Amino acid sequence: MTNVYTLKIIYVGCEDKIWREAQISSNAHLCDLGYMILATFDTMAYHLFNISYKGVTYELPSDEEEIPEDKCVFFVKLSGMNSKIGDKLNMIYDFGCDQEFEIEVTDIQPMGRGQGRSYPKIIAGEGRGIIDDMSAYELAELIHQIDETGSSGIKYSGDGIIYDNMSEWDYRNYNLKIDNALLKGSIDGIAEGYERILEDL
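In the numbering used here, the protein residues as written are 1019 to 1219.
Derived from the structure by calculation, the hints contain no laboratory data.
Quick caveat: nothing in here was measured; it's all calculated off a predicted structure.
Hints should not be assumed to be uniformly reliable.
Distance condition first, Cα-Cα at most 20 Å in a straight line; then the derived EDC-like pairs of lysine to aspartate or glutamate [claimed, not checked]: (1) K1089 x D1125; (2) K1106 x E1082; (3) K1072 x D1034; (4) K1139 x D1088; (5) K1195 x E1039; (6) K1026 x D1105; (7) K1195 x E1210; (8) K1035 x D1165; (9) K1106 x E1033.
Pair by pair, the computed Cβ-Cβ distance ranges are [to be verified]: (10) K1202 x G1130: 17 to 23 Å; (11) V1074 x K1173: 36 to 42 Å; (12) K1089 x N1183: 41 to 47 Å; (13) I1180 x K1106: 34 to 40 Å; (14) H1065 x K1173: 18 to 24 Å; (15) S1185 x E1144: 15 to 21 Å.
The beta-carbon is built from N, C-alpha and C at its ideal position, and this holds for glycine as well.
Can you make the complete structure from the sequences, with help from the hints?
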């Protein structure tokens, strides 16, 4: 039976400012969970990531180290982890910066018939996302600056392009409807980039 997992995802270090509540199929692989997080948190998705659960770390394959399939995010499904409500996973993105996401399973329900295409989706959230190559501590300071002055003083785009008419980055500019409209396309683009790793091995 296919289930729907409801997940509370927080960006560690900015928990009260940047978070999502998301739903994803139990048939999804751990890489799909990672892609969804990178998409909804507005990253450029150009760093490696891993996901840990109950002391086991699941990684992307590498030409430097062989990763067995039972520890590889491309092959392990959420359904195979036997997660229960209240369980927590952790995702590290950008090992040099250690941007960390805590993922808590808050609900598990049977998926309705014919509803597979409805997932993944974001059902609630706050905070526009994160900034690549900026630590959570630095981002928390930037958020504090915005709260104090109303201005970040920087321009940043999750696609890496700075446009002439772009307004300053502001964590408060999160739009749930737009996020969901763009989510699956963003995930597809992110997946294509990471899955070239498999092709190149």
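Right, here's what the structure says about each hint:
1. K1089 x D1125: 25 Å, violated
2. K1106 x E1082: 29 Å, violated
3. K1072 x D1034: Violated, at about 25 Å.
4. K1139 x D1088: 26 Å, violated
5. K1195 x E1039: 13 Å, holds
6. K1026 x D1105: Given that 20 Å is the threshold and the Cα spacing comes to 11 Å, the pair holds.
7. K1195 x E1210: The given pair, whose Cα atoms are some 24 Å apart, is violated under the 20 Å limit.
8. K1035 x D1165: 11 Å, holds
9. K1106 x E1033: Judged against 20 Å, a Cα distance of about 15 Å means the pair holds.
10. K1202 x G1130: 17 to 23 Å: Between K1202 and G1130, where Cβ atoms are some 19 Å apart, the hint holds.
11. V1074 x K1173: 36 to 42 Å: Holds - the Cβ-Cβ distance for V1074 and K1173, about 40 Å, lies within 36 to 42 Å.
12. K1089 x N1183: 41 to 47 Å: 46 Å, holds
13. I1180 x K1106: 34 to 40 Å: Given range 34 to 40 Å: holds, Cβ gap about 36 Å.
14. H1065 x K1173: 18 to 24 Å: 21 Å, holds
15. S1185 x E1144: 15 to 21 Å: 19 Å, holds
The earlier numbered hints that this structure contradicts are 1, 2, 3, 4, 7.
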